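Chemist: Each chain is listed here by its residues.
There are 2 protein chains.
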Amino acid sequence: MRNVTKDNITDAFQGYMGKDTDPRLKEVLMSLTRHLHAFVKEVNLTHAEWEKGIEMLEWAGEISDKERHEMVLLSDLLGVSSLVDMVNTVPGGTSSSVLGPFHVSGAPPIPLGYDMKRHYQGNVLLATGVVRDMDGNPIEGAAIDIWQTAPNGLYSSQDEEQDTYSFHGIQTVGADGRYAFTTVKPVSYEVPTDGPGGALLDATGRHAWRPSHLHFIVKAQGYRTLVSEVFAADDPYLDQDAVFGVREDLVMHYEDMPAGTFPDQGFDLSGKVEGDWLRVQFDLTLVRETA
Amino acid sequence: MRNVTKDNITDAFQGYMGKDTDPRLKEVLMSLTRHLHAFVKEVNLTHAEWEKGIEMLEWAGEISDKERHEMVLLSDLLGVSSLVDMVNTVPGGTSSSVLGPFHVSGAPPIPLGYDMKRHYQGNVLLATGVVRDMDGNPIEGAAIDIWQTAPNGLYSSQDEEQDTYSFHGIQTVGADGRYAFTTVKPVSYEVPTDGPGGALLDATGRHAWRPSHLHFIVKAQGYRTLVSEVFAADDPYLDQDAVFGVREDLVMHYEDMPAGTFPDQGFDLSGKVEGDWLRVQFDLTLVRETA
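Chains as they are written, first to last, in the UniProt record's numbering: chain V, 1 to 291; chain W, 1 to 291.
FYI, nobody ran anything at the bench for these hints, they're computed from the structure. All values derive from a computational prediction rather than experimental measurement. Among these hints, one or two may not hold up.
Now the stretches of chain W that chain V is said to cover, found in silico as 3 or more residues with beta-carbon under 8 Å [claimed, not checked]: (1) 22-30; (2) 37-47; (3) 73-79; (4) 156-165; (5) 192-206.
Where a beta carbon is used, it is the ideal one built from N, C-alpha and C, also for glycine.
Isolated chain V (complex conformation):
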């Protein structure tokens, strides 16, 4: 197209694509481009603003490496990552929520009733629940990959004091679908603020806090893998998670339990918890792959 104008450039882009272009790639690129073009026209983006955007992306590139993924953080802070979770959530199944950059693959298996807290100090938290299908039946053999911050607010990958799989473990459920482990309550923390993500937060008067959460990935044969998080109903940042991860069905009440009431069997800590403790219970509902 010789005379490209602001009215036909989106069509010109489409026209450039070859016949053999993968239809789904074409659909995604067309929609992306249509929306980027509409954005530029809607705000009459200036050259200086375009340059600022390029500068932010180049900065994100510079600051990123194998451990740090600033492009992911920008996507998170703009709500794009959470929206991808949402459009892939099936009603009736547990909501997806952001994976985040702190998952470590290859965590060791942990038995039912395991104490993830180990030598760390803090109130005991007992987490229990059942992995179910959409009809409410337990899913035998489902594996739950669990990870969270230590009491200092750091994940093992951020903290030289922790070993690689500290506060990480994979629990496989039996015929009753039940999982159970003890830990400490995760804490709220800030996302990294020394890159363009932080500059974005700063320029828009936003804080960097995420409400405390337990992460998990649940895998079971024949079901969609669920990546999600569970939040505590009393967290001060619940209404303003910097990365938009909170969903109604993921907010759980952590119950204060009086001294002397910890279960006397079935847990590593049975017989060892004398003071107050906390309990949280949540079931995880998986969606069949064919759904």
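We have chain V; now place chain W onto it with these hints.
Modeler: The following block gives chain W in isolation, referenced to the frame of chain V:
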């Protein structure tokens, strides 16, 4: 907002922004986010597709440095850069077109009639024209920063054989607004294809060619700076410029001139051009800063 959903996440993003956020920044970010969110919802973007997008951006970051700006190339290939030029073009003024990554600042002044071709081989091209305002009056003192490829298709910054300001120069016009220089006809060339820009072209069956063009930046006191390019009407890539830079008013006819007709005064080459030569004429219309 506690229960963030795909229907309210765009509002949640807006709600997060502080009262003291710059109103223009707020407008730009709101529009960008609304369109990114609409894109994700429209195509039901999968996690795998989102990851691919992040991977492309991370690759662009890795391959970029002070000399190479892959984020700019991605913006160019998606038509975003050209659209920014278009929304900032005022009707009646010469159209803007992409700056591109090959401009070198600080080029030396060149006198009227200068030969930019110097020792390079190739048919002589004489380029002339007048810098005018919207009423057609010449603009005295306007400075035209000109650059182009050498006959091998490379800009000086890409080519060890050329000195820094090879095929670069700044000409300042007099009271008649007239500029004039000789050179060789620029050649078509390919944008870099060894990064994510190339992967995008490849996946969509697109070539990497740009039609040949003369670049220029025109500056004059009281007028908007014009960044643009002039194309040749016979270029085979004119209808499919990889970066969407072609505009109707920027396509010029290069006239074949018979031997012995080169002007006999007023040019470095006067008296030295015996064979055929080429002529192109284009006026440059600037827009007042206040328009």
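Chemist: Run every hint past the structure and note whether it holds.
Modeler: Structure-based check of each hint:
1. 22-30: holds (count 6)
2. 37-47: Since 11 is at least three, the answer is holds.
3. 73-79: holds (count 3)
4. 156-165: violated (count 0)
5. 192-206: As far as the region 192-206 of chain W goes, the hint holds, because 4 residues have Cβ atoms under 8 Å from chain V.
Comparing the model with each numbered hint stated earlier shows that hint 4 is the single one that does not hold.
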